[in-house]
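These are the residues of each chain, in order.
Number of protein chains: 2
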Amino acid sequence: MSKGFLVVISSPSGGGKTTLKEEIFKYERDICYSVSYTTRLPRQEEVQGKDYYFVSREEFLQLVKEKKFVEWAEVHGNFYGTPRDFIEENINKGRIILLDIDVQGARKIKECGLSAVFIFLVPPSWEELERRLMKRKTENELEIKKRLERAKEELKFYRDYDYLVVNRLIAEAIQDIRCIIRAEKCRRSRNEKWIKQLISGLS
Amino acid sequence: MSKGFLVVISSPSGGGKTTLKEEIFKYERDICYSVSYTTRLPRQEEVQGKDYYFVSREEFLQLVKEKKFVEWAEVHGNFYGTPRDFIEENINKGRIILLDIDVQGARKIKECGLSAVFIFLVPPSWEELERRLMKRKTENELEIKKRLERAKEELKFYRDYDYLVVNRLIAEAIQDIRCIIRAEKCRRSRNEKWIKQLISGLS
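As given, the protein sequences belong to chains E and W, one line each in that order.
Number 203 marks the last residue of the first sequence (this note's numbering); no jumps.
Number 203 marks the last residue of the second sequence (this note's numbering); no jumps.
Please keep in mind that the hints were generated in silico from the structure rather than gathered at the bench.
Each statement offered as a hint is correct.
Chain copies aren't distinguished; within one or between two, either way the pair holds.
Straight-line alpha carbon distances no greater than 25 Å define the calculated DMTMM-like cross-link-like pairs of lysine to aspartate or glutamate that follow:
hint: 1; residue 1: K193; residue 2: D162
hint: 2; residue 1: K26; residue 2: E172
hint: 3; residue 1: K152; residue 2: E141
hint: 4; residue 1: K110; residue 2: D162
hint: 5; residue 1: K193; residue 2: E128
hint: 6; residue 1: K193; residue 2: E172
hint: 7; residue 1: K21; residue 2: E130
hint: 8; residue 1: K50; residue 2: D102
hint: 9; residue 1: K193; residue 2: E149
hint: 10; residue 1: K196; residue 2: E127
hint: 11; residue 1: K193; residue 2: D160
hint: 12; residue 1: K17; residue 2: E46
hint: 13; residue 1: K193; residue 2: E153
hint: 14; residue 1: K21; residue 2: E89
hint: 15; residue 1: K196; residue 2: E128
hint: 16; residue 1: K185; residue 2: D160
hint: 17; residue 1: K3; residue 2: E192
hint: 18; residue 1: K108; residue 2: E153
hint: 19; residue 1: K185; residue 2: D162
hint: 20; residue 1: K156; residue 2: E192
hint: 21; residue 1: K196; residue 2: E153
hint: 22; residue 1: K196; residue 2: E149
hint: 23; residue 1: K3; residue 2: D162
hint: 24; residue 1: K152; residue 2: E111
hint: 25; residue 1: K108; residue 2: E58
Quick caveat, the model's predicted, so the values are computed rather than measured.
Given these sequences and hints, build the entire structure.
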């Protein structure tokens, strides 16, 4: 059994992460998803405890005080946090945990020293990103403009990531991510214990 | 287009590399294979220019003199060499080149600084490796013993490799290697040019 690790996926708004996550979980039963805490309001289709744990600002700040997050941040005026207990427990069990966080959060994960793979899901072009945000229609025009501005800034963080997956066709991007996870399981550094056993059994 | 790179696959004798290579090429049309030079005699089913370039010791040593190999070595009393021109040309064209070489050769490739991914194909157990070598029946008993001894030594080189692929079921090992190649195409370091263009197009 290879060691557990985090798979951190970030992308500028409208990158298509939601569809992608659902598809990955459909095929990969051995991956678990870390549900984040947030103070933002749920969108119509979002479910408490599945998409996010929706909490009040007071509840969130209490959890911060209790050091219950490996990282937390304010994005678009709302708080988002990643629960520590869930992640540490599952890494210790050898599991792979998918984390869907923004560039600031990813940087904090990197700094906290957990074993993690960083994937940046990028749009094939700027025009395509605009088109996708417009199509979503869950935000008003001002919100879309804010997200585009933010995407510009976020793309500049690409150096923090191990992999760039271009979201041209969603089916291809999913295949890329599934392959990255499978490849990462084969990493020598995650299988040292096993190979040492094989070698020591020899002599 | 991501940058070209080498995929170096090594394994102790009897690791099942031949089947594996054939299967990979069946599915991945954009990968090319670097055919090595050797002074050993062809096995019954082996084809000149496909499996190896079979040459005499004199021809081989002449190519060494002309620096036509990125690496060469003596294994089991025979010479093996990897042609330089073919590799450099194809990396420059953005291609992926599969190289099937032993641990000594892999270390030399590592030292020569070409962009390369190192995969070590390992048997699931020592007993299984013995069983596979016995089954092959292309070598005599002394040869098999020599190969087993050598495998013991080779396994100790595992730290030179980025990935360990366990050859339990060949179909699974092939899937692992195909995924490693696909994942490596997504590496940030191989796509810097593309992402820089995307970002510069924005501002």
